[in-house]
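**Q** Chain order of the listed sequences is A and B. Note that the numbering used here has the first sequence beginning at 1, numbered continuously upward. Note that the numbering used here has the second sequence beginning at 1, numbered continuously upward.
Hints may contain errors.
[Claimed, not checked] Chain A residues, not near chain B, derived (Cβ > 12 Å throughout):
#1 Gly36
#2 Leu70
#3 Leu91
[Unchecked claim] Partial selection, computed: residues in chain B whose CB lies under 8 Å from chain A:
#4 Arg2
#5 Leu44
#6 Gln65
#7 Ala68
#8 Ser100
[Claimed, not checked] Computed footprint of chain B on chain A, listed as stretches where at least three residues anywhere in the stretch have a Cβ under 8 Å from a Cβ of chain B:
#9 75 to 86
#10 99 to 106
#11 111 to 121
#12 174 to 185
Hints listed in this document are in silico derivations from the structure and should not be mistaken for laboratory results. Built from N, CA and C at the ideal position, the CB exists for glycine as well.
Number of protein chains: 2
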Amino acid sequence: MRIFGDSISGNCLKVKWTADYLSLPYDWIEVDIRKGGSRTPAFLAMNPAGQVPVVLLDDGRPIAQSNAILLHLARGSQLIPDDPYDQAKMLEWLFWEQYSHEPYIAVARFQVLYLGKPVADLEPRLVERGTAALACLENALGDRRFLVADTLTLADIALIAYTRMAHHGGFDLADYPAVCRWIRQVEQLLRLEPAA
Amino acid sequence: MRIFGDSISGNCLKVKWTADYLSLPYDWIEVDIRKGGSRTPAFLAMNPAGQVPVVLLDDGRPIAQSNAILLHLARGSQLIPDDPYDQAKMLEWLFWEQYSHEPYIAVARFQVLYLGKPVADLEPRLVERGTAALACLENALGDRRFLVADTLTLADIALIAYTRMAHHGGFDLADYPAVCRWIRQVEQLLRLEPAA
């Protein structure tokens, strides 16, 4: 399997972490999105949407969309709960992440860290919705160890990807103690160094 | 099962269509999002994100996020392909829909149809990305009958929901003949009247 990803992207890193956690062998192909690496004809042939990550299976067939890739890599593993309701709640978090979290938390980080925009100049909508997403996570976690059931699932992996770097976009994670505790726990299970 | 949805929302209608197609019994509870129906304490207790649709299972447990609901309702049915790769491609479309299609096609429609904004005043980003989403669908469909494999899947149901109403937001579907053909086919299978 080949993973085409940009190491600055949480969407790509979550695919790497899942493959590492499940001991799936892969080659990592670095794609520099800021230099147009996801807009070349070769890349667009794999994913016409021009987005990283893309996984090329050993038979040459591509899969795009980070959370679709996670679900494919983790099928049959303990990262997907057996219970149908727990599975639905995990999927709920995966869709929520892409609709109500990533477009604010990840975009604010990208604008500040890579485009050099001052935090004070971020669109108010980004800050407001990013803050709402962090508050939603904080409330959902409470005393829980994980987002779904009492076990590590793809929901935790997908959600920590950008949450652990939210401070890059000006969000103060100290306001969210349950989120911080959960990030550290999931990082330990994935054997990640705490995010700088 | 109870489906809490607003009939003006494609995200809610896709849940209704899936339940109808699979002959699953349900009560439809109309929630008027424009009158704050998804922001009441009772609604937020079911879904803290304050978004429709929400399904309450017969045991009282809620599931939110339209595509997570679809996947739960359709488990074990022919709307989810057995083949792992086809399943991954279906999931790819479901995530793409929420990230790269709905935020432009559905939002443009809402602003024009329900907020009365002239099409000419839409944010250029909405028009540009909505157009890109329709072009992506057109290219993916080509001569195909369905988005994944040669059978109706959740990808088709999720994607026609707002695509068939894209003209409400000023997009001209006549520019996308493969999309129009596919919409009519899927509408027939779901026994829907063509969208006005």
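**Q** All the hints need checking, so say for each whether the structure fits it.
**A** Hints, verified against the model:
Residue placement check: A:Gly36 keeps its beta carbon more than 12 Å from all beta carbons of chain B (closest about 16 Å). For A:Leu70, the condition that its CB be more than 12 Å from all CB atoms of chain B is violated, with the nearest at approximately 9 Å. Remark: the non-interface label on A:Leu91 conflicts with the geometry, its nearest Cβ contact in chain B lying 4 Å away (cut-off 12 Å). A hinted interface residue such as B:Arg2 counts as satisfied when its beta carbon comes closer than 8 Å to some beta carbon of chain A; here the least separation is about 15 Å, so the hint is violated.
For the restraint placing B:Leu44 at the interface with chain A, the shortest Cβ-Cβ distance is roughly 10 Å, beyond the 8 Å limit, so the hint is violated. Because the closest C-beta pair between B:Gln65 and chain A is about 4 Å apart, less than 8 Å, the hint holds. This hint holds: B:Ala68 has a C-beta 4 Å from the nearest C-beta of chain A, less than the 8 Å allowed. With a least beta-carbon distance of about 6 Å to chain A, the hint placing B:Ser100 at the interface is held under the 8 Å criterion.
Look at the segment 75 to 86 of chain A against chain B: 3 of its residues bring a Cβ nearer than 8 Å to a Cβ of that chain, three or more, so the hint holds. Counting residues of the segment 99 to 106 of chain A whose C-beta lies closer than 8 Å to any C-beta of chain B gives 4; at least three are required, and the coverage claim holds. Here's how the segment 111 to 121 of chain A fares: 0 of its residues keep a CB closer than 8 Å to some CB of chain B, so the rule of at least three is not met and the hint is violated. Proximity of the segment 174 to 185 of chain A to chain B, defined as three or more residues with a beta carbon under 8 Å from a beta carbon of that chain, is not established by the 0 residues found.
In summary, the structure is inconsistent with hints 2, 3, 4, 5, 11 and 12 from the numbered list given earlier, while agreeing with the others.
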